[in-house]
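K.L.:
Starting from the known structure of chain A, fit chain B onto it as the hints suggest.
In order, the protein sequence lines correspond to chains A and B.
Sequential numbering of the first sequence, starting at 1, is according to the UniProt record's numbering.
Sequential numbering of the second sequence, starting at 1, is according to the UniProt record's numbering.
Among these hints, one or two may not hold up.
No copy labels: a pair is met if it fits in one copy or bridges any two.
Derived lysine to aspartate or glutamate pairs resembling EDC-like cross-links, with alpha carbons at most 20 Å apart [stated by the list, open to error]:
no.	residue 1	residue 2
1	53	64
2	196	84
3	111	211
4	196	224
It is worth saying that the hints were derived from the structure and are not from the lab.
There are 2 protein chains.
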Amino acid sequence: MNKRIYTAGLVVIGDEILSGRTHDKNIAQVASWLQVQNIRLAEVRVVPDVIDKIVEAVNALRADNDYLFTTGGIGPTHDDITVDAVAKALGVEVIIHPEARAILERYYADKGGLNEGRLRMARVPEGGELIPNRMSGAPGIRIGNLHLMAGVPHITAGMLDALTGTLEGGDPLLSETVGGFIPESEVAVTLRDVEKAHENCQIGSYPFFREGKVGSNFVVRSTDRAALDACMAALCDGLEQQGFAFTHGGI
Amino acid sequence: MNKRIYTAGLVVIGDEILSGRTHDKNIAQVASWLQVQNIRLAEVRVVPDVIDKIVEAVNALRADNDYLFTTGGIGPTHDDITVDAVAKALGVEVIIHPEARAILERYYADKGGLNEGRLRMARVPEGGELIPNRMSGAPGIRIGNLHLMAGVPHITAGMLDALTGTLEGGDPLLSETVGGFIPESEVAVTLRDVEKAHENCQIGSYPFFREGKVGSNFVVRSTDRAALDACMAALCDGLEQQGFAFTHGGI
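Next up, chain A with everything else stripped away, as it sits in the complex (with noise of 0.2 Å):
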């Protein structure tokens, strides 16, 4: 039976993002994705390069979701270690996949041949399927609902780009938006009293500074079409009795 809601939960893998050295760009873009696939993004944990961190994520996020994505660590180095955990989470074995060691061997044919390093990237949680990376040699790793992609962004889409279409999603999540030159501690109560009175409705707020005034974006999210128009219309009222201009489609 098709479900109303589907979550994944996302686990960030890497030193580097702990300590500040790289910027994390793959949250935005994993959760950016999932939203076009009718799935919500329920948590993200970013960990370290380290097994018992991994496992105690991977297991946590798994549980409680309908999939799970992981970011980082399945390269050829010493601290790329993400099958390796995967594998102690599932309980399973770590096997050379000979559709991966034939890419690589294809891949590095004129760039030195395979080596110990680079067949680590040929490693998979036993059950895994390879998901494509057009980008480099190395694939992803699909394993029940679990998917391992690289740490580096644009390869990372290429994976998505490959998964698009493929998972089973929910009913959309809609959402509409106003936005004007209002603060947002004005009209408070009249967002709070707004989604009280409107089921299945969320509102958001979003406040900015620009062009030297503080202003807001409000946006309304169902996934029943009727409830978020009433829903919105009663915003729209509620900001007009105070007085506020706004713009359809946000500013």
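P.N.:
Same frame as chain A, but now just chain B:
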């Protein structure tokens, strides 16, 4: 007694990060700031605007670390529930902080005065002190080793600035970098063996693609200067033996 290593956890709160609408900038800025305080960011969790999810993340990360930081959810609207969640996690009441109320009264004196939404920003878990906010009215909150900060990155930056030098840190984590047009997959064994031979040192490998060529920067980290220098010397020897050119400081 001064500990060798202090760690922190970070909870990033907000549906807008999980929906992909807003690209988080606080993980990188908190991570970089903590490095300078000689505190290691050990884990980050990004959670939605849901009380129980925030409580769970706050309790897990404060149990595991010396310090906890949160960003987001301390504004005036109905979806700003960080204070309530942290009070619940700590088992204390939410009170109106008299100094916060006075700050907000002054700040809004020429902007229509306090109202219900604005007064929300004076609420703190009982026992909390204020973290100054020079950018806008609403202060951050420090309660024990917990620090509740804004979601808007430039406001968070001001709050971090106000906290600079107030937290006890451990031994500084030293680092040295070498880099070159070296495919990490060709030196993976060298990296692993050198790291294994040098206790208290970690080697991170950060590949890149530039000017049509692949390369890597290798970062050696340690709190022990002598160990770091020995490890770096061994790494450079290893790279040289493989015939690679590299630049100190990275490229």
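K.L.:
Of the numbered hints stated earlier in the document, which are not met by this structure?
P.N.:
none
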